[in-house]
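One-letter residues, chain by chain:
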Amino acid sequence: MNELVNFTIDKKECMSTKGKYLVDAAAENGIYIPTLCNITGIQPRGACRLCTVKVNGKLTTACTTPVYNNMEVENESPELQDLRKSIIELMFADGNHYCPYCEKSGDCELQAIAYRYRVTVPRFPYSFPKREIEAGHPLLAKDHNRCILCKRCIKAVKDDDGRSIFAFARRSHKLTISVDTRLSHVMSPEKAAYAAEICPVGAILLKGAAFKKPIGERKYDKKPIGTELEM
Amino acid sequence: MKNSSHIKSKPVIATTSLAGCFGCHMSLLDIDERILQLAELVEFDKSPINDIKKISRPVDFGLIEGGCCNSENVEVLRHFRDNCKYLVSVGECAMMGGLPAMRNQLSIRECLEEAYLNSPSVQGCNEEGIIPSDDELPILLNKVYPCHEIVKIDYFIPGCPPRADLLWDVLTSLILGTSPKDQYSVFKYD
Amino acid sequence: MINSLNSIINKYDADPTRLMDILIDVQHKYDCISDEAVTFLADKLNLSEVDIEQTLSFYHFLSKETRGKYTVYLNNSAVAGMFGREAVAKAFEETSGCRFGEVSSDGLIGLFDTSCIGMNDQEPAAIINGTVFTRLTPFRVREIVNGLRKGLDPVDLQDVGLGDGNNNLDIIGAVVNNNIMKIGPVLSRDYKPGEAIRKIIQMSPEEVIREVKHSNIRGRGGAGFPTALKWEFCRNAPGSKRYIFCNADEGEPGTFKDRVILTELPLLLFEGMVVSGYAVGAEEGILYLRYEYKYLQKFLESILKMARRMRYLGKNILGKEGFHFDIRIQFGAGAYVCGEESALIESAEGKRGEPRDRPPFPVEKGYLNQPTVVNNVETLCAAVKVVLKGGEWYRKLGTHDSTGTKLLSVSGDCRFPGVYEVEWGFNVSQILEMVGAEEVQAVQVGGPSGTCVGPEDFNRTLCYTDLATGGSLIIIGKNRDLLRDIVLNFTDFFIEESCGSCTPCRVLTVMMRDKLQKILDGKGCSKDLEDLEDWGKLMRANRCGLGHTAPNPILTSLKNFRHLYEGLIPGKRGFDTGFRMEEALAEGRSLRLEQLKLQDHE
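Chains as they are written, first to last, in the working numbering: chain A, 331 to 561; chain B, 848 to 1037; chain C, 8 to 609.
If you are wondering where the hints come from, they were derived from the structure by calculation, not from laboratory data. There could be a bad hint or two in this list.
To be verified - A few chain A residues that face chain C, going by a derived Cβ cut-off under 10 Å, partial list only:
no., residue
1, L366
2, T382
3, L389
4, L413
5, R414
6, I417
7, A423
8, R453
9, S457
10, L479
11, I484
12, D491
13, G492
14, F496
15, L505
16, D510
Claimed, not checked - Okay, the calculated beta carbon distance ranges per label pair:
no., chain 1, residue 1, chain 2, residue 2, range
17, A, K549, B, G971, 40 to 46 Å
18, C, E540, A, E402, 26 to 32 Å
19, C, E463, A, M345, 49 to 55 Å
Just so we're clear, the structure is a prediction, and the values are computed from it rather than from any experiment. All C-beta atoms, glycine included, are put in the ideal place defined by N, C-alpha and C.
Start from the sequences, fold in the hints, and give me the full structure.
Here you go:
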């Protein structure tokens, strides 16, 4: 069943298993494609659009596209680099991302990818939206200022009956994540910790767990995100 | 004529702190002994470091710490823009408003009332409920602005504060016209 | 409340995939879906409260707060604005004593904006508790609101007389007019119900697909995918069941031709679904109908009943052993994006109308993960004619690449707005002449998601390879302020209707709008025009058609009407952040004065 396929990324010969999502297949071949909404092993949803690549000349997301034979992928072209940089910039301009006092700083994937792309100021004006911080859940705090609406918590954290603990509410630029009041109150500490861990930014925080690691020892202090799998 | 163009004067630097905490200036001092090299490479005009209050000649590099929270900040920033060839936003506050911009979610009234009337730290010490006000004080802007949302900014040095090594790297490359080392470990927002 | 909630849930077998129907019924009964109702539904359907709320809060016509005993949804499309919407809105506010977005203090009337309700040929129009009111004036508004105050039902306030054709039937009873201006093969009066079904049951499904393939007909929704190919893919995809969806969610502002088909030729449409079902091997058809057309519900259900009686629907259709097919109506609840086929399917499954990632395509994994065809209303109607008269006959109509006819919905500045069925290949000038439009500044071809063209492009032809269109043509006269009245309105439409899932669509459309506003405010610079062009390109990274086309109002007007933008940039300056000291200080200054006064007082 595990049929092998050959394909290229930026002209580099690659090999993987047919049907594997491109972002994972690329990683197997030592190529990093940045993602913010993806979690390997969980049904992807192509929400952040950061992993946008060109497959046979057409824009698509690497997290949702299965690999097949003779596929030609463009990943690091100046056009795609700029597109990704602009998406990162959009997220910074759209939220209230105050890295200097954020608990997630240094471990934040949004920040790490911005570092990798050397983002200084966004080309878009800052919108300084008015957003809430929900601290009423027993184990978690939800800071909507930092939420990038990537859907990771929605997809990955369900209760034992498969019901959503996190879900989208509303639509358009009014889109937000809501946390189920009843279910968050019976959530296990392990599940809460998992939710905080998979949040790529500091939008889901485990209460009483902040600032444990000193500056210099955080995940992305020394090496850019993605280098761990790059050859 | 030919000779005199060879005797190039040193580039001139001016710095200022708007709505900032002077942390970025402190970080500039953190380049330690390299400050002597810097003094050889450039001349300083207006700066809190030498306490020169006014720009006195055409400036090559203007370094701005802090964003703009009031009318005076804007005037100083515009004065720098008018007199500096290159303007550099230094640090998070200049680049995105920084901590002062936390008030951008509030109206000015809400902000002042929280600061002077309602917050726990003023309870019992402002019995008359006075919000300081005087014509001599600059007027607050509706929000705290990043500098590049007011005037054109040419370069950005991130960090809170920018690491001394990053400041050194960017400044020397700007002065000497070389490319910066662009080290990952010093490119930070916090 | 619990009893009636229970009966609503039981009506749909407590099936969470029928959540849309359940929520719509609850909204109808209580004018809102309260916290209590959400909790009750969650427990009965074994979902969490946020599961219910994520669907509920997605749709414009569903609400947790009460929207008043009488809820007015006033269309805010650009064409409504062209025909006096502002005065009408003001009259509504004055007579009901509340602003738009609010409910009057006595709870009687709620006023809400809504995106195009498919009445662009008779604007300004509004829906009040399901009843459509067209051609509103401030005078009519006062009559209506006074009537509601007196306790009259909206249905009884249609005293301007009912519309033409079937609109006049008791079972519809709407003031809506069809405005059919030109008839072609699809709208022709020669339709004999059941004829196509009688014909296809003598053919194999493959033969039906072959005939349709020969006609070269392509999807009429706008994207133009070859219809027969869609059917074939679906037929050949592995699955335990197959589904036919008719997309009757026509939400593209300025489109209303499906409304006319649904009113005048519903049986033709249902027959098209039967034909498609036979070709594909599906036994279940679902008409996904936009909520705005709920006034047609009883009528359409009566036609379905009749079709069952005639044995066009049901088991062993017209005696053909093993040919089973039936149709149900699935209502949307106010979301333009649900016109995108995978979003439509999500919505029909009781979820938020977020487009899916592809692959897999709906023909492989669609409704309930089974192979699914989604066809436009017009496509299905045309397919009936193709089956009857042959693919060869059909391909002689229109042009080589774009065969057949197209129903155009024409609105805006012209003497004869309405529905025109024309062969593909007409150019814009010919159409303008046909509809009585002079002094034309611009034509919006294909609605907001299409192209805004000026006179230099009026020789271009309507077809899939030049000016593609789902049928909306909005004519903009010379006296209109194109950027403020049209481009800004369309951009606001896309902002409101984005599902919000993709970052660029959710965030960048708003930023492009703000940039346009900056230019309109006289603070623009030439860099802003470059930015708009560059930013527009980034929108190609979005997942679906809405996201791809959301910058089109700005991009196409910038391309074809650049002088309008440049005229707004003072002194052709190259740089301006838009910061104005006096504006930024206004709030601080007034506060300062207030404080100084207080000090003086003391």
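How the hints compare with the structure:
With 10 Å as the threshold, the beta carbon of A:L366 comes within range of chain C, its nearest partner Cβ sitting at about 9 Å, so the hint holds. At a threshold of 10 Å, the smallest CB-CB gap from A:T382 to chain C is about 5 Å, leaving the interface hint in force. At about 6 Å, the closest approach between the beta carbon of A:L389 and any beta carbon in chain C falls short of 10 Å, and the interface hint on this residue holds. Contact between A:L413 and chain C, as hinted, is supported at the beta carbon level, the nearest pair being about 6 Å apart and thus within 10 Å.
For A:R414, the interface hint holds, the least distance from its beta-carbon to any beta-carbon of chain C being 9 Å, beneath 10 Å. Against a cut-off of 10 Å between C-beta atoms, the interface hint on A:I417 holds, since the closest Cβ of chain C lies about 5 Å away. Using the Cβ-Cβ criterion of 10 Å, the hint placing A:A423 at the interface with chain C is satisfied: the shortest such distance is roughly 7 Å. At a threshold of 10 Å, the smallest CB-CB gap from A:R453 to chain C is about 7 Å, leaving the interface hint in force.
Because the smallest distance between the Cβ of A:S457 and any Cβ of chain C comes to about 8 Å, under 10 Å, the interface hint for this residue holds. For A:L479, the interface hint holds, since its Cβ comes within 10 Å of a Cβ in chain C; the closest pair sits about 7 Å apart. Restraint check, A:I484 versus chain C: the minimum CB separation of about 9 Å is within 10 Å; hint holds. Below 10 Å, beta-carbon pairs count as interface contacts, and A:D491 has one with chain C at about 6 Å; its hint therefore holds.
The interface hint given for A:G492 is met, as the beta carbon of that residue sits about 9 Å from the closest beta carbon of chain C, less than 10 Å. With 10 Å as the threshold, the beta carbon of A:F496 comes within range of chain C, its nearest partner Cβ sitting at about 7 Å, so the hint holds. For A:L505, the shortest C-beta to C-beta distance to chain C is roughly 3 Å, which falls under 10 Å, so the interface hint holds. Interface restraint check: A:D510 against chain C, minimum CB-CB distance 4 Å, threshold 10 Å, status holds.
Roughly 44 Å separates the CB atoms of A:K549 and B:G971, a value that falls within the hinted 40 to 46 Å. For the pair C:E540 and A:E402, the beta carbons lie near 28 Å from each other, so the given range of 26 to 32 Å is met. Between C:E463 and A:M345 the CB atoms are about 52 Å apart, so this pair conforms to the stated range of 49 to 55 Å.
Going down the numbered hints, you'll see the structure goes against none, and every one checks out.
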